[in-house]
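K.L.:
Read off the chains here:
2 protein chains.
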Amino acid sequence: MAISFTQRLETVCRDKNNSLCIGLDIDPDKFPSELDTSLSGMESFGKDVIDGTIDFCPVYKPNFAFFERFGSQGFALLERLVAHINGRAIVIADAKRGDIGNTSHQYASAILDGMGCDAITISPYMGRDAIKPFIENAAKGVFILAVTSNSSASEIQEHENQSNPLYKKVIQIAMELNTNENIGLVVGATKTEVMQEVRELSNGMPWLIPGVGTQGGDLETALKISHKSGIGIINVSRGILYAGDGSLNDVVQSAKNYTEKIRSMVWNPISC
Amino acid sequence: MAISFTQRLETVCRDKNNSLCIGLDIDPDKFPSELDTSLSGMESFGKDVIDGTIDFCPVYKPNFAFFERFGSQGFALLERLVAHINGRAIVIADAKRGDIGNTSHQYASAILDGMGCDAITISPYMGRDAIKPFIENAAKGVFILAVTSNSSASEIQEHENQSNPLYKKVIQIAMELNTNENIGLVVGATKTEVMQEVRELSNGMPWLIPGVGTQGGDLETALKISHKSGIGIINVSRGILYAGDGSLNDVVQSAKNYTEKIRSMVWNPISC
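Protein chains in written order, with my numbering: chain S, 64 to 335; chain F, 64 to 335.
So here's chain S without its partners, still in its complex pose (with noise of 0.2 Å):
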């Protein structure tokens, strides 16, 4: 049997001793005024951070908006940027894509087998028929979204009882669907007071974590409940890409920063 999304993921974390997922939100808005904020510029800019943090960052995560904002031109950058990881890593697609059967097979086509990303975000909002088409392949991997770290997210995620919310349900449906050992959670990391009971409900399945940095989420909490039972990819978008004086050696910096975090709390706790 081919090795499964989640052992790959667990083996390059494992030998990158880090479970840094590096958010590629590239915004030329944030450029400092010294870089050139074309096209060209935002994939030299893309470039240069992937190069500059690959030996020590096991994942990165284009955001799909982030490029598709500039058409399809943005979208072949975004082609462009995936081919340049070519393997090193893995990348997750965040494009939180979901739709009936005839329709996310289409889209897994696109992004899993043509874009050659190992692993997507998918909505489950149209239950398990939306879910099926991302993980027939048991080498590629999703994501699906649990409990989300924005502020509005419980209105729905947590209908309508606290007994049995609706991340539950959805949870549920994730561990029954995940045969192939290719599905993984997303679990805001601003929502520490739900953390433990997820974490025994998907057990050994691995987290995508946003919400630390800028968000305000609880770096420590995900990392440690987490990696109870398998394993917490922790992503910094904005908290990387826009550090410090937005150089790319404060850039490169601020990944070294939060990787020695990660290592000190869940890995072996050495310099970058």
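Since the hints were derived computationally from the structure, they do not count as laboratory data.
Possibly wrong hints are sitting among the right ones.
No copy labels: a pair is met if it fits in one copy or bridges any two.
Taking lysine-lysine and the DSBU-like style, the derived pairs with C-alpha atoms no more than 35 Å apart in a straight line are [unchecked claim]:
| hint | residue 1 | residue 2 |
| --- | --- | --- |
| 1 | K195 | K93 |
| 2 | K287 | K232 |
| 3 | K291 | K324 |
| 4 | K319 | K232 |
| 5 | K287 | K324 |
| 6 | K287 | K195 |
| 7 | K232 | K195 |
| 8 | K324 | K79 |
| 9 | K110 | K231 |
| 10 | K93 | K231 |
| 11 | K232 | K110 |
As the structure is a prediction and not an experimental result, all values here were calculated from the model.
Take the given structure of chain S and dock chain F to it, following the hints.
P.N.:
Chain F alone, transformed into the frame defined by chain S:
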């Protein structure tokens, strides 16, 4: 105050005496053997379908998956097709987006402003923060997934009990946010058992209705209930694009047949 998206939609439908939406799920694998299956062939096919139906068809709905499948070149083709419609009909981007506010802002910028679509489909799993960036401009709209047509939808959308299922919460949020009159709902034509109640809860709000045709939804029930207050946009994709022998003549004839059925039920019953 600018004319709202809902007013624009109703005006176009009234002017064309029709509420048909042709779903642009262009799939060269389904082309008849004499058609060119390259991107250029897809473009010709798409433009021919649009030009052959736009005199009587008020709404088109490109399904993003069928374009993203071909990467940045597919995305560029999608841009050209939207430009080709050029204001002659309403364009609903079937992209099912929805993310934290910062990211949703980028998607709104990409799809509504950049590409020039009139509306976009939205997944509500992340709550109202994920919807707000798409509705700031009253002239552009959203259709929020409420009750979808696929078979596994109910395990999420009816969570967790019949008296207060999740979709009612989604409708409540949609109604609360609709101060700009630019929000509609996606209500599957297969879900006839809940339509009457959904219509009462979403008084006056337009519906986008998938599931007629290949999925077996009930056209007449969906139309008559939706039109009790507001308008019901009936989407047909495969049932038009691959009708008969796949010739343009059969495609246009199928769109005319749907139009005449729709007109006979809720509009002025005249022939195309």
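K.L.:
At most 35 Å between alpha carbons: which applies to K287 and K324, within, between, both or neither?
P.N.:
For K287 and K324, the Cα distance is within 35 Å only inside one copy (12 Å; across copies 60 Å).
K.L.:
Which holds for K319 with K232 at a C-alpha limit of 35 Å: within a copy, between copies, both or neither?
P.N.:
Neither, since 37 Å and 43 Å both go past 35 Å.
K.L.:
State whether the alpha carbon distance between K93 and K231 is at most 35 Å within one copy, between copies, both, or neither.
P.N.:
neither (37 Å within a copy, 39 Å between copies)
K.L.:
My question is about K324 and K79: at a cut-off of 35 Å on alpha-carbon distance, are they close within one copy, between copies, both, or neither?
P.N.:
Classified as within; 14 Å inside a copy, 62 Å across copies.
K.L.:
If the cut is 35 Å between Cα atoms, do K232 and K110 qualify within a copy, between copies, both or neither?
P.N.:
neither (39 Å within a copy, 43 Å between copies)
K.L.:
Since the copies are identical, ignore which copy is meant and state whether K195 and K93 lie within 35 Å (CA to CA) inside a copy, between copies, both or neither.
P.N.:
Between. Shortest inter-copy distance 22 Å satisfies the 35 Å Cα cut-off; intra-copy 37 Å does not.
K.L.:
Within, between, both or neither: how does the pair K287, K232 come out at a Cα-Cα threshold of 35 Å?
P.N.:
both (24 Å within a copy, 34 Å between copies)
K.L.:
Could you figure out if K287 and K195 sit no more than 35 Å apart (CA to CA) within one copy, between two copies, both or neither?
P.N.:
Classified as both: same-chain Cα gap 30 Å, cross-chain 34 Å, threshold 35 Å.
K.L.:
If the cut is 35 Å between Cα atoms, do K110 and K231 qualify within a copy, between copies, both or neither?
P.N.:
neither (39 Å within a copy, 45 Å between copies)
K.L.:
For K232 and K195, with the copy left unspecified, which applies at a CA distance of at most 35 Å: within, between, both, or neither?
P.N.:
Close inside one copy (16 Å) and across copies (26 Å); limit 35 Å.
K.L.:
Tell me, please, which holds for K291 and K324 at an alpha-carbon limit of 35 Å: within, between, both or neither?
P.N.:
within (17 Å within a copy, 59 Å between copies)
Violated hints for the displayed structure, listed by number in ascending order: 4, 9, 10 and 11.
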